[in-house]
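I would like the entire structure built from these sequences, with the hints used as guidance.
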Amino acid sequence: MPTIEVEHLVKIYPGATRAVDDLTFAVGGGEFFGFLGPNGAGKTTTIRILATLLHATSGQTRVTGIDVTRDPATVRSRIGFAMQTVAIDPLATGRESLEIMGRLYRVPSSQLRDRVAELLALMGLTDAADRKAGTYSGGMRRRLDLASALVHRPSVLFLDEPTEGLDPQSRSALWAELQRIRDEGTTMFLTTHYMEEADALCDRIAIIDRGQIVISGTPAELKRSIGADTVELHLMSDAGDGLVEAQDQVTRRLAGLTALRSLERTEVGVRLAVVEASSAIPELFRRLQGDGGMIRGLAMSKPTLADVFLRYTGREIRSEAADQPIDLGWWG
Amino acid sequence: MLTALAWFGHDAFYLGQRSLRRVYRVPANPISIVLYPLIQLFVFSQLYKDIVQLPGFGGGVSYLAYLAPGQIAFTVFFAVAWSGGNLLYDYRNGYLDKLRVAPISRYAILAGEFVPLFITCVAMASIILALAVLMGAPIATGLSGAIAVALLGGAFGVAWSGTSFVPALITKNEQATSTLSILFFPIAFMSTAFVPTALMPQWLQVVNAWNPISHVIEAMRSLMTVGFEWDLLGRALASILLVGVVLHAGTLWAFRRLTN
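In order, the protein sequence lines correspond to chains D and V. If you count by the working numbering, then the first sequence holds residues 23 to 354, one letter each, in order. If you count by the working numbering, then the second sequence holds residues 35 to 294, one letter each, in order.
No lab work stands behind these hints, which were simulated from the structure alone. Keep in mind that a hint or two might mislead.
[Said to hold, decoys possible] Some but not every residue of chain V turned toward chain D, in silico, with C-beta under 10 Å: (1) Leu-49; (2) Leu-130; (3) Asp-131; (4) Ala-142.
Because the structure is a prediction, the values reported are computed rather than measured. In this text, a Cβ means the ideal position worked out from N, Cα and C, and glycines have one as well.
Put into structure tokens, the structure is as follows:
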């Protein structure tokens with residue numbers, strides 16, 4: 023039985039915005055699953071429905087076999103949720119913050135003290151444990167927030183944009199932390215608009231756009247589906263007008279190469295789409311031999327999830343910071 | 035059922051402990067609650083010292099003694115005006131969502147706000163009362179009466195809290211909340227906090243027959259200057275109960291609306 027099951031999930035907000043439009047997917051026990059998509063794709067809506075914070079308009083959602091709509095209380099006791107906005111109590115110390123969460127999640131008093139100390143150590147917050155959380159840096163707040171979602175050892179951890187707003191160093195530290203939590207057997211559900219994050223962490227990804235899953239699979243599968251690697255050849259062009267000649271020559275010599283999918287002229291040479299470029303390179307060089315001096319440089323790149331996203335949605339994923347919803351108050 | 039109730043108490047206790055931190059870890063908060071009523075107590079008791087010679091006062095009591103219960107009510111007003119903002123702060127920074135994901139009753143979250151509010155009101159009322167007595171106000175009923183005055187202050191604070199919680203939960207805006215809370219202050223100024231009804235125009239006399247604060251103030255005043263007058267105490271408790279039921283219904287409605 024999958025740990026998370028979603029069938030035909032639909033969420034329509036007042037004003038008829040279809041934030042989530044007929045989603046169906048399942049996440050297996052112990053799996054690290056990620057929703058990758060631009061802001062406004064429906065990621066946060068989905069995760070908030072799964073975490074019992076939002077009612078679905080229609081569709082079925084079960085977490086650890088429990089229907090989220092019918093028995094939210096049981097679901098709540100089994101999940102942890104680190105939200106997009108880090109919510110800490112600035113007047114409580116790190117230790118107090120974790121202790122109160124432990125109390126509310128009914129961690130037995132006999133275990134609470136040890137569990138809190140363990141989490142503080144795990145998150146590198148032991149030294150700051152008795153300082154008010156209001157004095158913490160952004161990275162520390164994130165870690166404290168994550169720790170507070172873990173006090174009761176949830177079997178499923180929901181992470182909504184967990185590294186939003188972190189510097190690269192804190193980000194990779196947090197990634198290592200998330201992997202460790204997953205290694206303990208926790209099922210992980212992550213949303214992100216960072217390609218590298220989904221790639222580094224997830225066993226399986228669903229690309230979500232405009233409330234719908236566009237494609238899903240392992241990161242490797244998705245990238246393989248693009249079909250070819252990119253090889254860029256930087257050609258001799260000192261003379262300036264020699265470039266076109268060199269491009270012509272390369273085109274002629276590579277004609278009929280089976281691994282070659284396409285050839286494109288660039289400002290400094292050519293860009294090739296080559297299937298399994300790493301094994302095709304020797305043959306490529308053999309063909310260009312004799313004019314080896316013509317090649318000034320070579321860059322090879324594997325397809326990235328950005329290519330995958332572009333291919334399946336026809337758009338580039340925007341990587342600006344996630345929009346924080348601003349509640350203007352009154353009835354707005 | 036019993037276990038559910040026990041867990042409710044358990045959760046409210048720890049949430050209340052957290053709310054209470056906001057009072058004692060930020061000394062500016064309790065100070066701001068008690069400061070204005072204290073200034074009023076000091077200044078007005080000097081400025082209008084001789085007002086008690088007017089016939090409506092009945093004579094025999096200093097204006098300081100007359101004024102003190104009203105200033106206790108003012109402290110409670112200030113504590114309450116500030117209270118709904120806490121929940122709003124949690125709502126805005128996402129902490130309320132964090133609590134909503136926890137396997138607790140959402141009403142425990144509200145209870146976790148009311149218990150510390152009660153404690154704050156009792157503590158602030160005690161401070162005003164103690165200072166008034168030090169300045170020379172009587173406390174006819176002794177320690178038990180003093181405790182009763184403080185408890186009345188606490189109970190009235192919890193009952194009255196809807197005047198802050200309802201605007202907070204509906205507008206979700208701090209500024210609107212504090213402005214709307216101030217709207218309730220004229221009710222305190224119109225009460226018998228400063229002058230007895232005998233000196234008021236006819237329409238204010240009618241208003242004060244229905245002004246819950248006046249009933250609470252009258253009960254406190256009798257505890258300080260006369261003794262245990264059970265009819266006055268009964269009227270004060272009935273006012274608190276009535277205000278509490280009405281305003282808490284509003285708070286519950288607004289809280290459900292916010293958390294759904």
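Now the hints, each set against the structure:
1. Leu-49: holds (8 Å)
2. Leu-130: Interface hint status for Leu-130 of chain V: holds (8 Å vs cutoff 10 Å).
3. Asp-131: With Cβ-Cβ at 6 Å, under 10 Å, it holds.
4. Ala-142: Check passed: Cβ of Ala-142 of chain V comes within 9 Å of chain D, closer than 10 Å.
Comparing the model with each earlier hint shows no violations; every hint is respected.
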